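Participant: Letter by letter, the chains look like this.
Number of protein chains: 2
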Amino acid sequence: MTATPSSIRSLTVDLGERSYPIHVAPGLLDDPQCLRPYLAGRQVMVVTNETVAPLYLERLKGSLGSELDVREVILPDGEHTKTLASVERIWDALLAAGFNRRCTLVALGGGVIGDMAGYAAACYQRGVAFIQVPTTLLSQVDSSVGGKTGVNHPRGKNMIGAFWQPRAVLIDTQTLDTLPARELSAGLAEVIKYGLIRDPVFLGWLEANMAGLLARDGELLSEAILRSCAIKAEVVAADETEQGARAMLNLGHTFGHAIEAHQGYGQWLHGEAVGAGMLMAATLSQQLGWLSGDDVARVARVIESAGLPLTAPAAMDAEAFLERMRLDKKNLDDRIRLVLLRRLGEACIHDETPPARLHDFLSEYPRA
Amino acid sequence: MTATPSSIRSLTVDLGERSYPIHVAPGLLDDPQCLRPYLAGRQVMVVTNETVAPLYLERLKGSLGSELDVREVILPDGEHTKTLASVERIWDALLAAGFNRRCTLVALGGGVIGDMAGYAAACYQRGVAFIQVPTTLLSQVDSSVGGKTGVNHPRGKNMIGAFWQPRAVLIDTQTLDTLPARELSAGLAEVIKYGLIRDPVFLGWLEANMAGLLARDGELLSEAILRSCAIKAEVVAADETEQGARAMLNLGHTFGHAIEAHQGYGQWLHGEAVGAGMLMAATLSQQLGWLSGDDVARVARVIESAGLPLTAPAAMDAEAFLERMRLDKKNLDDRIRLVLLRRLGEACIHDETPPARLHDFLSEYPRA
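Which chain is which? The protein sequence lines are V and Y, in order. Per this note's numbering, the first sequence starts with residue 1, numbered consecutively. Per this note's numbering, the second sequence starts with residue 1, numbered consecutively.
Derived by calculation from the structure, the hints in this document are not laboratory data. Be a bit skeptical, because a hint or two may be false.
Identical copies look the same in the list; a pair holds intra-copy or inter-copy alike.
[To be verified] 25 Å max Cα-Cα, derived SDA-like pairs, lysine to any residue:
1) 157 / 83
2) 61 / 163
3) 157 / 88
4) 157 / 67
5) 157 / 337
6) 157 / 233
7) 61 / 327
8) 61 / 292
Keep in mind the model is a prediction, meaning the values are calculated, not measured.
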């Protein structure tokens with residue numbers, strides 16, 4: 001199936017002079033017009049990984065035609081490659097090719113590739129053009145909007161990076177056909193998050209359509225991706241550099257990051273940890289009197305229906321959570337800040353839970 | 001001498017919400033109020049080098065008082081340290097200290113320290129506060145304004161970096177008392193540049209006061225620094241990310257960078273190469289009919305009076321120049337762009353010199 005203009009659905013992320021479009025369509029990668037309007041010049045560096053390259057690199061390059069100077073960097077796959085050393089490989093390739101400040105970097109892959117290619121673009125000759133072609137559901141609904149780029153440091157995730165907006169985000173929903181089921185579910189965790197923090201109607205739509213999403217129905221996936229990006233864009237437009245309201249996008253992430261870090265990155269997928277973390281946030285919200293027991297049961301059901309785990313790891317006691325949570329970048333002045341739910345469809349930021357209460361909550365919370 | 005409010009002269013660099021002040025005064029480093037208004041929080045990391053630390057680090061720390069968490073990174077001195085590896089040392093120190101996104105980096109030193117500390121601040125946790133305390137004339141009149149940060153790559157100068165504005169620039173003119181004479185002259189090359197590109201009255205003032213500047217008269221140096229920063233601020237405010245007019249700040253730099261690169265960095269100081277390059281630009285401007293012979297002689301006299309070399313290195317033939325000039329970041333679409341002088345006090349950007357003519361000019365130009 002080849003994309004025709006009529007099958008492309010689009011959204012503009014409104015950031016003043018840094019505004020850019022997100023285009024979503026099955027088969028978009030084969031459309032020769034999908035990338036070209038967003039190139040800064042003739043020089044194009046595609047950054048991808050060893051898993052994605054055999055699947056989609058030639059298709060992408062085919063759509064670019066032959067008059068351009070198109071090069072590629074193929075990095076190993078996985079979160080452990082999200083290092084400054086990998087970004088240096090991209091810079092080395094750009095300099096070896098003699099690329100100038102009118103070159104364009106294209107990220108073809110998941111969130112790790114997008115974060116690294118975006119950071120490489122942010123800092124090459126103090127900033128060059130960047131286009132995202134995300135190929136996982138998680139990156140399509142998360143890294144498409146927000147401009148966060150960067151790499152991990154041995155002492156912490158995403159510690160080195162920059163805010164750098166792409167010129168366009170191009171989402172071919174057919175790339176989800178090759179995504180492992182576990183990664184599809186992990187992406188759905190973030191989709192559910194958007195309903196929980198800001199859109200009760202979308203939450204109901206997800207409950208009604210979860211089976212179709214898991215069956216990779218293209219129309220339903222397009223709708224879920226666009227709605228997720230639209231919600232994230234609204235939140236980010238109000239708070240581009242994460243001073244306040246944007247923190248609500250971290251629902252489930254403070255608990256989730258603690259799970260990921262404690263279990264060792266890669267054991268739990270990010271989305272799996274966020275799913276379990278969102279249920280923890282909902283449960284604490286109930287204890288604060290904001291959600292009903294029925295609300296929490298509904299949160300549990302939609303997370304479970306996406307094929308995600310519900311309980312925290314058996315090996316993590318309260319102190320194991322708190323130790324990691326104290327390092328969270330959201331914290332200010334040594335208070336743990338949490339994103340909780342005032343009601344289903346409305347998040348709030350809360351830093352007034354007494355430490356002892358948080359300890360009790362974490363001690364009593366169900367483990368696997 | 002301790003700075004009193006009345007002896008501080010100031011200038012605001014107007015960049016909308018990223019505007020910041022430049023304060024100039026003898027003894028400013030001893031003023032306990034000089035840094036504190038610009039700190040983002042309690043955590044302060046001073047970045048300096050092995051030459052500057054023994055001279056000024058304790059004074060700076062003394063002015064900060066004891067309630068803050070002040071750490072330091074002391075790097076080796078010299079352009080060869082301006083690498084990503086040095087910036088990684090700064091990031092490692094920030095993470096080892098557990099500094100969060102409300103920390104502040106203070107650059108205490110010359111342009112190399114400012115560029116590295118600024119880049120470290122731009123990318124630590126996607127951007128933290130940054131204060132410049134430049135201690136060389138070159139960095140006081142050049143890096144104080146413009147927000148350029150970054151490091152060198154084996155394949156080119158300043159290839160990796162970011163635009164990142166400081167919260168304030170604090171210039172203690174007494175730090176120039178310890179500056180080697182050759183570096184004072186190199187800084188004056190950039191000061192002369194501001195007169196040549198935009199301010200004939202300032203050029204006349206420099207001609208009249210060069211002896212006093214070389215004698216390190218504090219009042220004259222303050223005036224020269226402020227006037228230079230004001231001119232650069234006007235140019236940068238109109239073109240923050242260097243799309244057009246800002247290129248005029250590179251008068252003498254295309255020829256100068258070729259000299260630096262050919263001779264090996266550190267053989268010619270940057271300002272020395274810029275001085276010789278400005279005279280080359282003036283001479284080519286005369287050949288294009290824009291300057292008179294008297295104008296060029298005046299340019300030569302003011303450069304020479306600052307203690308700077310006038311001729312290009314004997315070992316560089318025309319091709320040695322052209323080879324380096326073709327790599328200049330200003331070039332677009334394979335045309336060499338030069339900053340020339342329409343008249344004394346007015347620069348222009350010119351990319352229409354035919355290659356053969358440029359080759360002849362470079363062949364015939366006087367060598368040392």
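Participant: Now tell me if each hint is right for this structure.
Facilitator: Consistency of the hints with the structure:
1. 157 / 83: both (10 Å within a copy, 23 Å between copies)
2. 61 / 163: For residue 61 and residue 163, neither the intra-copy (27 Å) nor the inter-copy (31 Å) Cα distance is at most 25 Å.
3. 157 / 88: Intra 18 Å, inter 15 Å, cutoff 25 Å: intra and inter.
4. 157 / 67: The answer is neither: 39 Å in one copy and 30 Å across copies each exceed 25 Å.
5. 157 / 337: within (18 Å within a copy, 42 Å between copies)
6. 157 / 233: within (23 Å within a copy, 37 Å between copies)
7. 61 / 327: neither (42 Å within a copy, 27 Å between copies)
8. 61 / 292: neither (52 Å within a copy, 54 Å between copies)
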